[in-house]
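S.K.: Protein chains in written order, with the numbering used here: chain A, 669 to 878; chain B, -15 to 319.
Hints are computed from structural coordinates only; laboratory data are not their basis.
Quick caveat, the model's predicted, so the values are computed rather than measured.
For every residue, glycine included, the Cβ atom is placed at its ideal position computed from N, Cα and C.
Treat the hints with care, since some could be wrong.
[What the hints assert, rightly or not] Label-pair distances were calculated between CB atoms; the ranges are:
no.	chain 1	residue 1	chain 2	residue 2	range
1	B	P285	A	P699	19 to 25 Å
2	A	L738	B	L27	44 to 50 Å
3	A	D743	B	L27	54 to 60 Å
4	B	F35	A	D743	45 to 51 Å
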Amino acid sequence: MIKELVLGLRFTITQMLRKPLTVQYPEEQKPVFPRHRGRHILHRYDNGLERCIGCELCAAACPVGCIYVLAAENDPKNPVSPGERYAERYEINLMRCIYCGYCAEACPTEAITLGPQYDLAEYRRERTVVTKAELLESWPRFAQARGPASPVGAGADSTARADPDPGISPRVAWDAAETVHGAPEAPQPGDLGVPTHVPTVTEPESRDRR
Amino acid sequence: MIGQDYWWVLLIKAVVVVLGLTTIAAYLTYAERKVAARIQLRLGPNRVGPFGLLQPAADAVKLLFKENAAPANRDRLLYLVGPSLAGGAAVLAFAVIPMGINNWFNYQFHWDIAHFNVGLLFILGVTSLGVYSLFLGGWSANSKYSLLGGLRSSAQLISYEMAVSFALIGTIILAGSLDLEQIVGAQQQTWFIVLQPLAFVLYFSGAFAETNRAPFDLPEAETELVAGYHTEYGSMRFGLYFLGEYVNMVIVSSIATTLFLGGWLPLFPFHPFDWIPGPLWFLGKVVVLLFFMMWVRWTFPRLRYDRLMNFGWKVLLPLGLLNILITGTVVALRA
């Protein structure tokens, strides 16, 4: 009996001398696996042109319909993408996205992939709809050399995620819901945590166009 | 003058001891969590203040501001007596524990509040009061888990009190006194842990049971009894039980230090060891024992209840009697 007790004590004291395994999460983050499917990234070619040609195949492939693409014609003298068209708007509703990766599979130009970012919680609901400005790969070298390629994509180089370009408000669902019910007010003492009305999510009109 | 001291000296000592003990108890919770964390390869509290050092303060604030939820059909008086006794009785025992003697300007300063010639008896009596706090708390809450925890604690403490007392008798025989200062004085040459190793082991295993700590934490066995006797306590009432447990740890470690580890005496009675003042030696020994208690808690699983009783009555008690027999015989033959 004594031997076992001593063995147990010896084991715990040797554990104490080892380095703790804890990852101090918000400060330290472990790298994710290479094929991790996190928030999407819109890529560029090596010369800085956007890969996305605005074909909307990703939006068609999306099982939950969380991708909204508004295509525009390229200016031949100053093209944004190598194709005829480019995505003027590219919005993804991360609340609805199931991170299946079908958009990446559907994309003919490998413009969209699922990236490593997984900490996607936000304080405001409309922030969970990410715009092209946030999704697009930044390209400082390109931006300096040629100036902003398009009024939309330009924001990608300067806009931090914490403050998405205020000029482009997401078009999807919650904007409309909030205007119907009025702006969200600060909760009064007493009604904390008790929602009186839950905004109904409506399909954006843009979907019918397709 | 009260006894050997001016009354205001006693008052200052009492205030210092009470505040000091509660602070130490609060930081023991921090130390316990840190030790537990390191044993389990975690980091432990490190968010409040540098290295999480303000965690006990944050916990205290949290406990004080929590709602005092209590069962409706409780025994209102005893429900309050329980936690008060838990906090109070534990602190009371520390009054007679000597931490050193200093001579300053022809004034003999004793590092204790009261000096009894039966100090050990007083400690045994007062620490026994702790049972009442557990049992009353368990009974008055009128809940089945609390009652079971309370019953377990009383059964456990009665059986272990015996074994612990028998373990202490060996040192009393050697020192020839119940006066704690004289017991320490008798260890000038050799500490009693050398002469009474069996008694020390017996006392310290009994001490785990007396403080309701793992592997003998059956009164509050989370897995079986939710939280045992303090299931129905919340807020600072629970905090007092918690405080009581940690103060009790300090008490049993202090008693073990006084009786077996030479109290405030240095490790070796020559330079440079005796340059360190006595109270610091005392503190150091207590800290070592406290660490050992934590170490044991995070190593061993809880004993089953019948095995615990078996261990108390069939192992500790006979061994204690054997120790008395041997010690008594040797002392009688040498006299």
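S.K.: Would you mind marking each hint as holding or not holding in the structure?
M.R.: The hints, checked one at a time:
1. P285(B) <-> P699(A): 19 to 25 Å: violated, 37 Å
2. L738(A) <-> L27(B): 44 to 50 Å: holds, 49 Å
3. D743(A) <-> L27(B): 54 to 60 Å: holds, 56 Å
4. F35(B) <-> D743(A): 45 to 51 Å: Violated - the Cβ-Cβ distance for F35(B) and D743(A), about 60 Å, lies outside 45 to 51 Å.
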